[in-house]
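> Sequence:
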Amino acid sequence: MGGAFRALGIALVLLAAGAGGDVVSEIAAEAKCIHVDTLLDQYGPDGLPAAEGLLREALAIDPHSRAREMLRALVAIVREHGGSVSPATEALLASPAVPRGPPIFEHVQQPEHREPPTLAPPPPPPRQQPPRARAPDVTDPSALSSSVPIGDAAHTRAIALIKQAVELQTRDSDSYSNTPHVIALYREALALLPPDAEAHGGDVIGSVLDNLGIALRAIDRVDEAIVEQRRAVAANPNEPRHRMNLAGTLYMRGDSDGAAEQCRAALALNPMHAKALNILNSVQPITDASDERLTLLMRHAAATDELSAEERTLTHFDLFRALDKLKRYDEAWLHLEWGNALALEDMAARGPVPGDHELRDVYRRIAAAFDARALAALVDGAAAAARAADGAAAAAARALDKGGPIFIVGAYRSGSTLIEQILASHSNVHGAGENTALPPVLGAFQAQLARAHGVVFPEGFVALATARNEPVLFERIGAEYVRKTRASAQVSRSHKPRWTDKNLGNVRNVGVIVAGMPTARIVHTVRSAAATCFSMLSQHFTQGGASGRFFTCSQTSLVAHYAATDELMRHWDRSVPAGRMLTVHYEELVGEQERVSRRVVQFVGLEWEDGCMRFHAQQRAVATASLSQVRRPMYNSSLDAWRRYEARLAPLLAGLSAAVREDRPWRTARWPDQPSVDEWAAMGYAYADGATDGAGDGAAGAAVA
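Read left to right, the sequence shown gives residues -21 to -1, 1 to 684 (mature numbering (1 follows the signal peptide of the UniProt record, and there is no 0)).
Take these hints with a grain of salt, some might be off.
Estimated spans, in silico, between C-beta atoms of each pair [what the hints assert, rightly or not]:
1. D340 / D202: 25 to 35 Å
2. R343 / M251: 28 to 38 Å
3. E289 / Q263: 20 to 30 Å
4. A163 / R307: 44 to 54 Å
These aren't lab readings, by the way, just hints derived from the structure by calculation.
Predicted, not measured: the structure shown is a model, and the values here were computed from it.
For every residue, glycine included, the Cβ atom is placed at its ideal position computed from N, Cα and C.
The whole structure should be built from the sequences, with the hints applied where relevant.
What follows is the structure, encoded as C-alpha cells:
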C-alpha cells in the first residue's frame, strides 16, 4: 500500500510541475500493479480474479507497463490451479507488446517492487474473521458504562437492553426488519438509566440517543430522529460522531445549512473526522481552489495510520469531485482510481467478492425459467385461480385489494431516484425507497419449497406453478410481500394506497412480480451505458452490504455487470405482458420533463398532479447517492460528464461497445387496453380508493420515446 501512495504523491508533484498525460498514465498503471501485489499478498488465490481485471486495466492505460509480465505470470498460476482466464485476457496477451520508453518509476518501486517472474501464489495467510457489517456509526454504549455503579437492577437491565439493541441494529443493518423492536429497546433502556449515568459512565446516554436516531432514520421517521440526535448532541456536545450523524439526518431532510453547521462543529472538535468532512463536501461542494478543505483532504489522504480504509476511501472520492469541479482532471482521475482500489480491497477483506460472470449466469437461468410462454401461463393460471379463489387463494387475493406497488428497476445511477421522487410527489404515493421486503420473502419460500418438494428457484418454482400443483404460488409470494410492506412502519404511517419500491436488485425478480402481483407496475429506468457506468465508477456506495456493489470499483467488472443487467432487461421487455412495464429514458426525462412525468403517472394508474413537476420541493427524506440531485430542479449537466475522462475510460468504453447495443429496441407500439378496475375486481383484485385505473382513455406506448 505504501508504494501506491508514493506513486500517488509523485504523480501529484509531477502534475503540479506541468507533466503531461503520458506521465499520469504510467503512474495510474503502476498504482494498479502495486495494488495487485497487495491483493495477492493478502488473499492468495482468492485475489486472482480481481487481479486479472486490474492488470487488464493497467495495460489499457499504459500498454508498456510491467502489467503485461505480471498478467502472463498470473495466467500461468490460474492454469496451474485448473482455472481459466477470460477471452479478453487471452487476446490481450496474444497482441504484440509495445516497446517501452525510459521508465519514470524506478525510484518509486523500492522496496515494494518485485520482479514479475517471481509472482507465485503465496500460501493462503491465516484468514481473519471478516469485520462485522455495522449500521452507519452505531456504537455500543454498554461498552462505555463500566464505571456506572453496578448492583442497581434497573441499570443492569438497561445495559442488557442496550446490548440486545446494538446486536440487532448491527446484524440487520441492511434489512431493518427488527428496527421497530430496536427502537423500543433503546427507549426502555433510556427510561431505566439513572439521571447521572452520563457523569459516571462516559457517553452512554449520548450514544443511546444517537443510535436511537439512526434507527428512526432507517424507517423514515426522520423528524423523530432529528429530535433524538439533537438530544445526543446536547448530552455530549464534545462528541463529533453525534454531530456528524445529526448532520447526515438533516441533509436527508433537506436542511443543508443545518447539516453544514453540524459538520463544521464536528471538524472543529476533530479535524480528522473524515465522515463529517465528506458530508460537508456533499452539502457545500468545493468550487474554489483556495478552499481550506482541499488542504485538509490532502492531509486525510496521507493519513494511512490515523484513518481507516473506509475513511480514506471517502477522502479520495471527495478529492475526485473537488478537483473535477476545478477542472484539474488528471489529478481528479488519480484520486478516483485510488478511491476505487481502496474500496475494492476493503470489500474483499469483508467477504468473498463474486466473479465478473457469476451474475450473468444467474440472470440467464432466471430468463430461461421465466420466458414469455411461462410468464403468460403463470399470469393466466393465477387469474383463473383467483376467480375461483377460496381458502389460501382467497386470502392471497384479499391481501392485494388495496392498490398495487410500483417497482422501479434498472442500473444504479440511471435515474431511478428521480423517478421515485416524481411519483412520491403525488398525494397517493409513498416513496418507500430501497425496500428490502421482497428478497427475504422469496428466500423464505425457497427454503420452504426446497424442504417440501426438493425444488430450487427459479426453475422449480415455475415448474410447480405451471403444473397446477401450486397454482397460486407466486400469488402467495406477492401477498406476503404486500402484507409485510403494508405492515412496515414506513408505509403504514403514510396512509397512502400506493408505494414505490426502488430496490434495484428486483431486476432479477420481475418475473415473480408480474406473476404474483397483478396490480403492480414496473418502471424501468435507462440511461446511456457510458454515462451510467461512469457515474457508478465515480460514486462511492456505502450501502448494500460488504461486497454488494463490488462491481462499481473497476471498469472491467462494470462492463460485466452492466451487460448482464442489460441482457436480462431486454429479456423482460420481450417477455413481460404488455402494459405491465414502462421503460423511461433518463435523457428523455431531462429533456422533456412534463411529458415524460405525465406518462409515468398515467402508466401507474393515477391522475396527474402538478406537484409531480416540483419534485425537488418534496420534504421526504432521501437516503441514496442521488440525494443532491433530487433537491434541485431538473438539469442536464451530468449527461456527458464521462467525456472528460474518455481516454482513461478505454477499457470501459471498449467493453461496452462489444457487449451492449445502444440502439435499445424497446417497444414503442401502443399497448392493448389494460383490464379496467371492474375487470380486476372480477378476478379478486381492486385498486384502493384514491387510485384510478389509467387505461380508460387508452394506454400509451410502453416505452417513453
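> State for each hint whether it applies.
Right, here's what the structure says about each hint:
Separated by about 45 Å at the C-beta atoms, D340 and D202 break the suggested range of 25 to 35 Å. At roughly 47 Å, the beta carbons of R343 and M251 sit outside the given window of 28 to 38 Å. A hinted range of 20 to 30 Å holds for the C-beta pair E289 and Q263, which are about 22 Å apart. Distance hint for A163 and R307: a CB-CB separation of about 51 Å, consistent with the stated range 44 to 54 Å.
When held up to the earlier numbered hints, the structure conflicts with 1, 2 and fits the remainder.
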